[in-house]
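**Q** Work out the full structure: start from the sequences and follow the hints.
Number of protein chains: 4
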Amino acid sequence: MEIGAHKVAMNAPSGVSELERLIEAGTFDPAAIVASIGKTEGNGGANDFTRGFATLSYQLLLARFLECSPEEVGRRIAFVWSGGCEGVLSPHATIFTRKPSSAGGLPGGRLALAIEVTRDIRPEEAGTMAQVEEVAAAVKRCLAATGITDPADVHYVQVKGPLLTPASIADADKRGKTLVTRDPNGSKPYARGATALGVALGLGEVEVADLSDAIIAKRFDLFSPVASTSAGGELKNCEVLLFGNSASASGAFRIGHAVLADAIDADGVRAALRDADLPFDCNPTRDDADRIAAIFAKAEASPTGAIRGRRNTMLSDADINYERHARAALGAVIASVTGDPAIFVSGGTEHQCAPSEAPIAAVVRV
Amino acid sequence: MEIGAHKVAMNAPSGVSELERLIEAGTFDPAAIVASIGKTEGNGGANDFTRGFATLSYQLLLARFLECSPEEVGRRIAFVWSGGCEGVLSPHATIFTRKPSSAGGLPGGRLALAIEVTRDIRPEEAGTMAQVEEVAAAVKRCLAATGITDPADVHYVQVKGPLLTPASIADADKRGKTLVTRDPNGSKPYARGATALGVALGLGEVEVADLSDAIIAKRFDLFSPVASTSAGGELKNCEVLLFGNSASASGAFRIGHAVLADAIDADGVRAALRDADLPFDCNPTRDDADRIAAIFAKAEASPTGAIRGRRNTMLSDADINYERHARAALGAVIASVTGDPAIFVSGGTEHQCAPSEAPIAAVVRV
Amino acid sequence: MEIGAHKVAMNAPSGVSELERLIEAGTFDPAAIVASIGKTEGNGGANDFTRGFATLSYQLLLARFLECSPEEVGRRIAFVWSGGCEGVLSPHATIFTRKPSSAGGLPGGRLALAIEVTRDIRPEEAGTMAQVEEVAAAVKRCLAATGITDPADVHYVQVKGPLLTPASIADADKRGKTLVTRDPNGSKPYARGATALGVALGLGEVEVADLSDAIIAKRFDLFSPVASTSAGGELKNCEVLLFGNSASASGAFRIGHAVLADAIDADGVRAALRDADLPFDCNPTRDDADRIAAIFAKAEASPTGAIRGRRNTMLSDADINYERHARAALGAVIASVTGDPAIFVSGGTEHQCAPSEAPIAAVVRV
Amino acid sequence: MEIGAHKVAMNAPSGVSELERLIEAGTFDPAAIVASIGKTEGNGGANDFTRGFATLSYQLLLARFLECSPEEVGRRIAFVWSGGCEGVLSPHATIFTRKPSSAGGLPGGRLALAIEVTRDIRPEEAGTMAQVEEVAAAVKRCLAATGITDPADVHYVQVKGPLLTPASIADADKRGKTLVTRDPNGSKPYARGATALGVALGLGEVEVADLSDAIIAKRFDLFSPVASTSAGGELKNCEVLLFGNSASASGAFRIGHAVLADAIDADGVRAALRDADLPFDCNPTRDDADRIAAIFAKAEASPTGAIRGRRNTMLSDADINYERHARAALGAVIASVTGDPAIFVSGGTEHQCAPSEAPIAAVVRV
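Chains as they are written, first to last, in the UniProt record's numbering: chain E, 1 to 366; chain Z, 1 to 366; chain Y, 1 to 366; chain H, 1 to 366.
If you're looking for bench data, these hints aren't it; they were derived computationally from the structure.
Heads up, some of the hints might be wrong.
Put simply, identical chains are the same to the list, so a pair is met inside one copy or across any two.
[Said to hold, decoys possible] Pairs of lysine to aspartate or glutamate residues, derived as DMTMM-like cross-links and limited to a Cα-Cα distance of at most 20 Å, are as follows:
#: 1; residue 1: Lys218; residue 2: Glu357
#: 2; residue 1: Lys174; residue 2: Asp221
#: 3; residue 1: Lys99; residue 2: Asp277
#: 4; residue 1: Lys236; residue 2: Glu124
#: 5; residue 1: Lys218; residue 2: Asp173
#: 6; residue 1: Lys174; residue 2: Glu207
#: 7; residue 1: Lys218; residue 2: Glu133
#: 8; residue 1: Lys140; residue 2: Glu71
#: 9; residue 1: Lys218; residue 2: Asp183
#: 10; residue 1: Lys140; residue 2: Asp171
#: 11; residue 1: Lys99; residue 2: Glu2
Note that the coordinates shown come from a computational prediction; the quantities given were computed from them, not determined experimentally.
**A** This is the structure:
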């Protein structure tokens, strides 16, 4: 396969004009679009509607080009949005295209992307081993689809899954089923945690023997360093986007990743760039930076309430949610290295790296 | 003179225990304290009372050690607080001590600090040339007190001055005086701008001929790159803290400064450290960082609403004030270079550097 | 004419299911819809995108029923949204239908509604007499369309108009035109004020001789007690919705209004209901309340910072905008009288009632 | 005993000038002050430092008048603050004085107030029956102290108790003790719930047989309709303030209470006033209102997310905490009935009234 990556700025959650221009200029075939991953300028919380507004706006635009219904666009293309452009973070989307290609066999491989969905996850399965196993199976299907044989070649796995909602809780009650929690917001850690463990299991990073319902969102020494998961009330099944370098892929991009020790770990940012085969001394030059196509990272407040021994106020602030503090900080640190504030930084790291650490991946033009 | 700098963490706006420990351990003589510059964990806005709470708490502690009234402590020691610990920023205070010393003549000089106050500024003078000239005179007195003859040896001038309040506006009305504005919050740019121009005039960075009431908070090509000013309703006069390197100073510290091109300018942070004679390749090592005693910087949202060509949402966000976005971003970038989140980052840069640029100063142990 | 009013709850800014149900149940003819006035659950600020999301969602739904494009729906139907459901305020829309009718001549008349638009207002005209006069002319066209001869029969005039945006400011600069202000947010009072004075002039509540560019957003003793105006960056022209009681109207509704002395003026709420011919002692019973079809009110923080001699913190709060405090308070007071939290309360009262007062209108089933 | 109640406005959390004036004017003897209950203008969350600032400021003022240390003032006088002046709520304190008096036997009795503290509550006891029983015993001591024999004469019991903090959790871990939760903020419902059940047990409103660790913050059909409890990290023991009408009390005040069905229950407000023997038709006149000395109420977001069948956004709002929405709404509704925005409205009603209901008490001049 051949993967293309195109970053488009957004002047609002409904701002699709830059993608429209690219398509009208013939930069790429809209029928080749398989996924979009981006940031919208909402608050990132339960009442952040900018994600839904952006999805609807992009579906309407692409329905026009693809001459199909917006719903059909939704079935063909995976839309992943993280709300919250704190600090310097800039609203944007990275559009991924995929074309069949017989080329390949390039040294170190090239960026490959596979997208697989699970069956619908029932409310009583959310945050349980049933969900872990469904995601693990989808991850394995992604490996096969990308032709990646060594899990070490996988650098970023984005999973979107359902969380519990008043409606799904009522449904489970009607059928007399028990749930991991009855608090919709409280179900997020379970939902994000179970899908992250599904990635870890699918990639062989954890042993199934170590897993059980009891350890989900509890035993945080079990994790995947390449998982990035989110949960949303609008979903019924899980959507898995697996990125890696594959010998059977051609194209202009490679991907790498690293682990961020904390929200100010500039060395971690540099390590991710180098892991994607972007060589530089000290810090990237303008020319080096021009080769960076996309950055995907998770930000989290340290559970200790401190970074490098200094207390911060992320967890005690009743005005600004801790995820917003964390995204503002990490987003600025990454941009200070790459020179581009249009990066994907989202929150919530249950079973994604060790506690207080976070994953970062970089897509770089060869 | 010999200047000492002691950074103390604060576990709350009233958290004085670390300073108490240092004094009880005999680390320095409380009678030598002349100033405190720190961050408190409020919102940084008009209803941020953490600054007043911190001042009262420190005055009560020091009144005990100095066996005088809290009011007397207030007269002896300058307290400068910036509210708002966004992102990784850590609540703390840097305590400055000053002792007479006949030593000096060291190559490049050593950190010197002088503190001078102006007469009370009448409401109708706030934001006008009258205030500019009073501050300029205080700056000149500071130069004399530090024995600094070349303004190029001045690296950081912190000024606190009054802003207009409902009470001071009423007083001016009673006396039939006109004001630069009748909006208390709207008077901040004038108050910060006039004191910054006072620094520029006192240091000879601008010509008095170019100055007039009409250009204050208007002609932003006139500025001081070493001024850092704030305005508060509790003040009647202006308090000037001038930091520089003086041949007549001894002690363990030197200061340097640089200009930040934007909120993600890590090179600017490194330049300030090097300007303070901290040499390093690439980025400071842990040992290099251990020599950094204090960082003082200003953060501002770019008036263009964009950084490096990427739009951000600082100015349009109705939930989080733009100054909070800017402090969160710059604070994290600085901490990613120095390794210490306990740094002084405040907002509002009228006539302090060119528009969208901001000043940064570093105090480094020799 | 015969006017219908249908209140629909919204489970999200995109929540159109209740209107869909009403139309599918044949409750009314979607082709008869002329306007929608509602509240969405955003922050009510410059970055509140819930209004645009709601408009797009309703246009898509109605395009399906009316078998036309969403753009065509936008041309046929006026959508007025106020963002910000603080306190108990409930997201909803009141859908107004209009049918021709030869009936009429009923005692006291019946609810009539006319909608007129002005020509596009150029940036340099925003907040000036040019805008005042265009709105006044549209108001007079509305009077003719409703057959209302006595302005005293007009109880509510909602006007949406443009505000200055970075784009429109740039356009004016290109043509060398001067503007009332260069601050987009700062243009809101001028834009809301000029359209409100347009209503006052159109209804003969002020003399044209007293009006000039200089008094707009300045001389607040000139106002209309029935105007409710808003400004949005998405508009180029002004849209006027005039509500009153007309002898030539039939239908089941009457409208009345009153003036709120402050944000806790329950007597003012009761006065508006009685003015719409809803009689009751003390407070409305459940049966009385069932006759209330819609409430439209403006909320504002008192410029004195106090209500009934007690200071409040609306204007000094840096975390929550004063308009949000005011809507939360007034919305709850109105709901405590009517028993229904689904009411329209928006902010900004320049030239709409005297300073610190605010307009309230009630639509009641006969 | 003879109880006095004096409401003082606060121009800031440190604003003690009005109390200073009253004392200097000889309005009452500062040595007679036993309690202060008030609102401060913070955010009401974990990082609201306005409560501590107000306590310190009042202790310093009274230490001057009482010629003792601020710590001694803290031992003599109970300070109860609720942070968060949303909507129209006005920062203030109601100062209660108590003098011995042989008078009494007045019809219906007069306002009596007793204050009792429990022993320190160990972390492992927080939110357990141990805490319930200690509070119940303190309530019984209060009944004896006020000479109230019939619990029906008790109308308001304010309890302040400890919550779990990182420090107290660490202490319990060191001693190998288990806790109801390890989440400091998550311990609030347990802490507030256990102290409320302590009130219910002390007043005989619940049977001890129905109580156990398992039902605390779970079985909400067990409650006291006159309890108002809060939890703070600064406390080690529980402080109980019991208000009722006693035959052995003299003085100018009586107290009454009612239950609020929801945040817009104006009838509930009127019922509380009438229960305190303030008679009026419809709504209180200005003269009636002048007899109201203080209002104490709890505000809570409805667990259903709706009021009177209309959805509100209190629980889903990530920008403004639900307690702030609820206080803004209820505070305005109460003020619309009493005409005075200086009222005590706080959040969190576990085991205080039935779910979604809330207590309200009124102190009225005879």
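**Q** Which holds for Lys174 with Glu207 at a C-alpha limit of 20 Å: within a copy, between copies, both or neither?
**A** Neither. Shortest intra-copy (35 Å) and inter-copy (33 Å) distances fail the 20 Å Cα cut-off.
**Q** Under a CA distance limit of 20 Å, which applies to Lys140 and Glu71: within one copy, between copies, both, or neither?
**A** neither (27 Å within a copy, 45 Å between copies)
**Q** Reference check for the pair Lys99 and Glu2, CA-CA at most 20 Å: within, between, both, or neither?
**A** within (5 Å within a copy, 58 Å between copies)
**Q** 20 Å Cα cut-off: does Lys140 pair with Asp171 within a copy, between copies, both or neither?
**A** So Lys140 and Asp171 fail the 20 Å test inside a copy (31 Å) and across (46 Å) alike.
**Q** Is it within, between, both or neither when you check Lys174 against Asp221 at 20 Å Cα-Cα?
**A** neither (36 Å within a copy, 23 Å between copies)
**Q** Measure nothing new, just compare the shortest in-copy and cross-copy C-alpha distances for Lys236 and Glu124 to 20 Å and report within, between, both or neither.
**A** Answer is within; shortest intra-copy Cα gap is 12 Å, inter-copy 41 Å.
**Q** Should Lys99 paired with Asp277 be assigned to within, between, both, or neither, using CA atoms and 20 Å as the limit?
**A** For Lys99 and Asp277, neither the intra-copy (23 Å) nor the inter-copy (55 Å) Cα distance is at most 20 Å.
**Q** Can you tell me if Lys218 and Glu357 fall within 20 Å by alpha carbon in one copy, between copies, both or neither?
**A** So Lys218 and Glu357 pass the 20 Å test inside one copy only (16 Å; across, 35 Å).
**Q** Checking Lys218 and Asp173: alpha-carbon separation at most 20 Å within a copy, between copies, both or neither?
**A** The answer is between: 18 Å across copies meets 20 Å, while 25 Å in one copy does not.
**Q** Cα distance capped at 20 Å. Does Lys218 pair with Glu133 within a copy, between copies, both, or neither?
**A** within (18 Å within a copy, 33 Å between copies)
**Q** Within, between, both or neither: how does the pair Lys218, Asp183 come out at a Cα-Cα threshold of 20 Å?
**A** For Lys218 and Asp183, the Cα distance is within 20 Å both inside one copy (17 Å) and across copies (14 Å).
Hint violations for this structure: numbers 2, 3, 6, 8, 10, all remaining hints satisfied.
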